[in-house]
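**Q** These are the residues of each chain, in order.
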Amino acid sequence: MRPSRWIVVVSTVLLCACGRSNTATAPRSVTVYVSTDRVFSEPVLQEYQRQSGVTVNAVYDTEETKSTGLANRLLAEQARPQADVFWSNEPVRTLMLKSRGVLAPYRSPNAEGIPAVLRDPEGYWTGFSARMRVIAYNTKLVRAQDAPQSVLDLADPKWKGQIAIADPRFGSTSFHVAAIYAVLGDEKADDFFRRLKANDVRVVDGNSVVRDLVVRGEVKVGLTDTDDVNVALEAGQPIGMVLPDRDGMGVPVMPNLVSLVRNAPHVDEGQKLVDYLLSPDVERMLAQSEAVQIPLHEGVPGPKNMPAITSFKPMMLDYSKAAARVEDVTARLASILGL
Amino acid sequence: MWMVPRSRSLILGGAVGVFLVTGVLPLVYMIVTSARDVPFGVLLLDERQRALVYNSGLMAGATSVWAALIGVPLGFGLARVPMPRRAMVRVALATPVLLPPYVVALAWTYIGGSAGFVAALIGRDVFSDWTYSLPAAAVVLALVYYPIVMLATEAALRQMDTHLEEAGIVAAPPGRVLVRITMPLVAPAIGGAALIVFVLAISEFGVPALLRVRVYTTEVFTAFAALFDFARATALTLPLLVLAAGGSAVAATLLRERVIAGQRRQNATDVLDLARWRVLIRLLSVATIITALVIPIVVLLREAAGTSIVGAATASWPSIRISLLLALVGATLVVLIGATLGYARARAPSRIGRVADITWVVLFAVPSTITGVALIGLWNRPSFPGVVYGTFSMLVLVYLARFVPVAALIVAAGVRQIPVSHEEAAAVGGAGWLGTVRSVVVPQIVRAVGAAWVVAFVFAFGELGASILVSPAGESTLPIRIYTLIANTPSSVVASLALLQLTVIFLPLALGALHVMRRSNA
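First to last, the sequence lines map onto chains L and Y.
As numbered in my numbering, residues 1 to 339 make up the first sequence, in order.
As numbered in my numbering, residues 1001 to 1522 make up the second sequence, in order.
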């Protein structure tokens, strides 16, 4: 082919590729940044698009350790926001974004019925559909009655070399360790993590990796999330889970958090999407999906194989205070665990 | 006569302008906007920083050495040792560079983990400590990147002046000719390729993160993803760039401005009688193909058993289509700009040329997240930038920012092998600059430009770190789709998606290579 023809071909392709209009400006559209796993959140958003006729432009996140994620995109876009709504699967990022002025207050009528502790008093975020942090164990290697019942049991020398946790600087694990520090206090928490280090804990890059290590028997036990374990359970893999500290400091509960973005381009559509996400219907969908998330509205049936939130003692936390400790806790753990 | 300097100035100046705006400006923007908040304490060489410098330099250096140890003999084999089905062997040996390094590392953890294939085979875990280590990260990266050294070595051998070897063989045995004449002539190409591998390794995040090796890229990532601290991340990037500049300066000092000027010969296997190495080269080729290609793919296939790659492909078709289109456009633009800059560098005074090389290497080492955040800051603005922001053009800007330097380095190496006298002769004959480039230079750098295009296409297709920050809402490239699906997806589906990514990038390149080979034969 002559060079001039190549230029024509390339120019045409270039125009096709780059001339696409900005989908976020289409009539009746809403842009949502989603850190909740795509396999779970995409069907919910598709259903909203089907019901409402509003085009949903979603940007999904990777697992926390695979890319720097949407919270950084929201921060970088703060001067000229592109997103209307931020749907997070854990509290840390939302609370950081609130403190940096990225979010706007909005009190959805559908937030009524959700426990007050899971709603921001100022209206910057509202929780829905919760996950829990759990101890996963390999059912071929550990009998149910022998599995650790408390996170603190993982420091027992009998589990030496047999424990995995996700990098505690990221995602839901960062929230969990901040919560442990908030509940135990710095001295006891430092001591626990030192003993965990002495137990040769394996720090890996994500909760799904913890689950996979447990399933493959590379470790006997690991700290991960309910949805990660459930995916393996549904696949018939040899894994079980324990809700830790039911009788002690309480089971760590992590709700999804939804927020409106400050100066969002489509405020009305954003508010409608927030209303939808906080509806009992969405909690029902997330409970019935593989996400097995626990509804926070009363009367919504919970997922199979999961206890109702009223049946155990949840870890009582001031999320803002716990999240405010994340940077300090990150530095402490980097030193203690040698990260 | 005034048209000649004008067209040259316009084209070279235009390319430099585009490069400054798309490649240099983002880094300058991040440094300037972060300057007042930079925690300079993180730059102090305390114990942690010294460990980061050591680990980053060692991992990248070891990767380059391993890649050279594998790639150079194979390059010699492909160029000089009689070999049946050479084209097919070359494709098989080059294919590992298409594998995403993270996926290869993942496959190796399935093999070497404490409950992996090796442990299951011998009944105990003797391998897992090594699997999660810095040497393992270097080996995994070398197994992905050695084709760059291999292809550069083969191309240089095919391009060199074989008359020098023919003269040498009259008075010396083949081994001595190889060491004294051939190796010094192809050393610049090998060194240039090893430098590219060094920079690729030093800027790699996925493999050290998975294998728990603490390097600067993982530290920059932590500053972003755990602390949301742009200034700290930018500050931590600076030592990484100094390391890249250091590697580049060392390479420039060692290689100086050596040029392989000469006459191309299509078949140079008869100059040095290397037939006695035939068995060794074949064994090395087979071992490399098995280790770098077959084993990771078999492991992924085994892991993916029970899931449908076809089903994954069908569901991902819109992402596949847009990824291929964007990589096609991006690679073409990258090569247009990179080739022009590469020509300018090759014909510039040596001191300017060395500065250009170091600049490109440094820019190529900039972590992708830094590029992504900078592009948001530069383009997410009212009026014209705002029109571009939120479209696929942003992804093309990512490719230009990240990959023009590598295209320029590759093409510059190709242009430097063409004696200036060729262009001077054309000018004396009355040809203008454009005509000279078109008729004299381009035909001699087709291979280098082709190699730059393939490299840019592969990199653009697999780009994730910056793309995920600037991709239009509601749209995904294939890597974004795969990485957003990985979370909470069974490992079997992850493996099938990884195989899908490999297949999607391999097929068009294989078909293109087949087309070129048929045309060449015709």
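Treat the hints as calculated values from the structure; they're not laboratory data.
Check the hints yourself; a few may be wrong.
[What the hints assert, rightly or not] Computed from the model, here is a short list of chain L residues facing chain Y with C-beta under 7 Å:
| # | residue |
| --- | --- |
| 1 | R38 |
| 2 | S52 |
| 3 | G53 |
| 4 | N57 |
| 5 | V59 |
| 6 | Q78 |
| 7 | R80 |
| 8 | F170 |
| 9 | A331 |
| 10 | S335 |
Keep in mind it's a predicted model, so treat the numbers as computed, not measured.
Ideal Cβ placement from N, Cα and C applies to all residues, glycine included.
**Q** Report the numbers of all earlier hints that the structure fails to satisfy, in ascending order.
**A** 2, 3, 6, 9, 10
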